[in-house]
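Engineer: The primary structure of each chain is shown beneath.
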Amino acid sequence: MKKLTLMLMLLLNFATVFAQQNGPVEMADALRSSGKIYVVVCTIVIVFLGLAIYLFSIDRRLKKIEKDQ
Amino acid sequence: MKFIYQTWWKVITVIVIVYTLIAGLLLGVPTMPILHETIRNTYFHVPMWMAMFTVFTISVYYSIKYLQTGKEEYDLIAVESANTGLFFFVIGLITGMLWARYTWGAFWSNDPKQNSAAIAFLLYCAYSVLRNSIDEEQKRAKISAIYNIFAFPIMIVLIMVLPRMTDSLHPGNGGNPAFGKLDMDNRMRIVLYPAFIAWSAMGVWIASVRYRIRLIEYKKNQIN
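Note that the protein sequences, when read in sequence, are chains A and G.
In terms of this note's numbering, the first sequence is residues 1 to 69.
In terms of this note's numbering, the second sequence is residues 1 to 224.
Next up, chain A with everything else stripped away, as it sits in the complex (with noise of 0.2 Å):
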């Protein structure tokens, strides 16, 4: 019977160690799938305008260049 409590009790350490373990624990994959999507959009964002400013200048100045003419 002592032996039995104290594989068991033993065995319930384990269990607890090992709830711990597996328990809702922070981790990193979890910020990288579901919160960090927006960076990614913002990045898109940034580059699309960035370029489409770049085409508006460049229109500008072919603006310039045909009223030169």
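Do not rely on the hints blindly, as some may be mistaken.
Claimed, not checked - Taking lysine-lysine pairs in the BS3-like style, the calculated list, with each CA pair at most 27 Å apart, reads:
(1) G:K219 / A:K67
(2) A:K64 / G:K71
(3) G:K65 / G:K220
(4) G:K71 / G:K220
(5) A:K63 / G:K71
(6) G:K220 / A:K64
(7) G:K219 / A:K64
(8) G:K139 / A:K67
Said to hold, decoys possible - Selected chain G positions facing chain A (Cβ under 8 Å, derived; list incomplete):
(9) V14
(10) I22
(11) L25
(12) L26
(13) K219
To be verified - Cβ pair distances, simulated, as ranges:
(14) G:K220 / A:I37: 45 to 53 Å
(15) G:K2 / A:I65: 16 to 24 Å
(16) G:I223 / A:D68: 18 to 26 Å
(17) A:I65 / G:W9: 19 to 27 Å
(18) G:Y193 / A:I58: 27 to 35 Å
(19) A:Q69 / G:V18: 42 to 50 Å
(20) G:T38 / A:F48: 14 to 22 Å
(21) A:E66 / G:S109: 45 to 53 Å
(22) A:I58 / G:Y19: 17 to 25 Å
(23) G:A106 / A:I58: 36 to 44 Å
(24) G:L130 / A:I65: 25 to 33 Å
(25) A:Q69 / G:R164: 46 to 54 Å
(26) A:I44 / G:K71: 19 to 27 Å
It is worth saying that the hints were derived from the structure and are not from the lab.
All residues carry an ideal CB built from backbone N, CA and C; glycine is no exception.
Please build the complex by placing chain G on the supplied structure of chain A, with the hints as guidance.
Structural biologist: Here is chain G on its own, set in the frame of chain A:
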């Protein structure tokens, strides 16, 4: 033609594309096997081809008008539209290859859609080679306009018709789903259709800037 010198539609184009970038990445999409999140590629890959079709259509339209009137400006519009179309063609091919790597397993799997797109690409490369190989201006304009009129329907058949008649892996071809009722819901439509129109307008914008530059070059080279 006056509208290419105006700004309002360019601003709208940029705003709509920014909307499709944000909504295309954040809005919900149907869950599908194999595709997963790459279903969002529809918002960015397919509009490249739409932009290409738009500028190629403008190109062939002005090639016909050039043959009717002989006005040099029309030839310049045709060639710069075709050049812009080639740019969107390359972007469309590269994005398609990247997507194919992660859904079909290889960048190039000799799929009918891929092969016929490559042939159509060479067809338009030949247009540009043909143009640059003729020195005499009017002859060059006339021959390349005629070539363009022949190349356009062949390109349409190669990209849109032939892959649909064989078993291509590409969505929308060979019985595979694409824009059908079952696999495209309204969440996708409110992003995809504005993207088609806005990227087409973007193509027209770039082509018009290139045309205006070429027009200045042309006037400079003229002997008065």
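Engineer: Do the beta carbons of I223 (chain G) and D68 (chain A) sit within 18 to 26 Å of each other?
Structural biologist: At 20 Å between Cβs, range holds.
Engineer: Taking only the CA atoms, is the gap from K65 (chain G) to K220 (chain G) under or equal to 27 Å?
Structural biologist: Holds, at about 24 Å.
Engineer: Within 16 to 24 Å or not, the Cβ separation of K2 (chain G) and I65 (chain A)?
Structural biologist: Holds, since K2 (chain G) and I65 (chain A) (Cβ atoms, about 18 Å apart) stay within the stated range.
Engineer: Check the following: the C-beta atoms of Y193 (chain G) and I58 (chain A) are separated by a distance inside 27 to 35 Å.
Structural biologist: Holds, since Y193 (chain G) and I58 (chain A) (Cβ atoms, about 28 Å apart) stay within the stated range.
Engineer: Under the criterion that the straight-line Cα-Cα distance not exceed 27 Å, is the pair K63 (chain A), K71 (chain G) satisfied?
Structural biologist: holds (23 Å)
Engineer: Do L130 (chain G) and I65 (chain A) keep their Cβ atoms within the hinted range of 25 to 33 Å?
Structural biologist: holds (30 Å)
Engineer: Can K219 (chain G) be said to touch chain A, with a Cβ gap under 8 Å?
Structural biologist: Holds: closest Cβ of chain A sits about 7 Å from K219 (chain G), inside 8 Å.
Engineer: Does 42 to 50 Å hold as the CB distance between Q69 (chain A) and V18 (chain G), or does it fail?
Structural biologist: violated (34 Å)
Engineer: Taking 27 Å as the top limit, are the C-alpha atoms of K219 (chain G) and K67 (chain A) close enough?
Structural biologist: holds (14 Å)
Engineer: CA of K64 (chain A) to CA of K71 (chain G), is that 27 Å or under?
Structural biologist: Satisfied, since the Cα-Cα distance of roughly 25 Å is no more than 27 Å.
Engineer: Holds or violated: V14 (chain G) as interface residue toward chain A, Cβ cutoff 8 Å?
Structural biologist: Because about 4 Å separates V14 (chain G) from the closest Cβ in chain A, which is inside the 8 Å limit, the hint holds.
Engineer: Confirm or reject the claim that E66 (chain A) and S109 (chain G) have a C-beta distance inside 45 to 53 Å.
Structural biologist: The hinted range 45 to 53 Å holds for E66 (chain A) and S109 (chain G), with Cβ atoms some 48 Å apart.
When each numbered hint is compared with the structure, violations occur for hints 8, 19 and 26.
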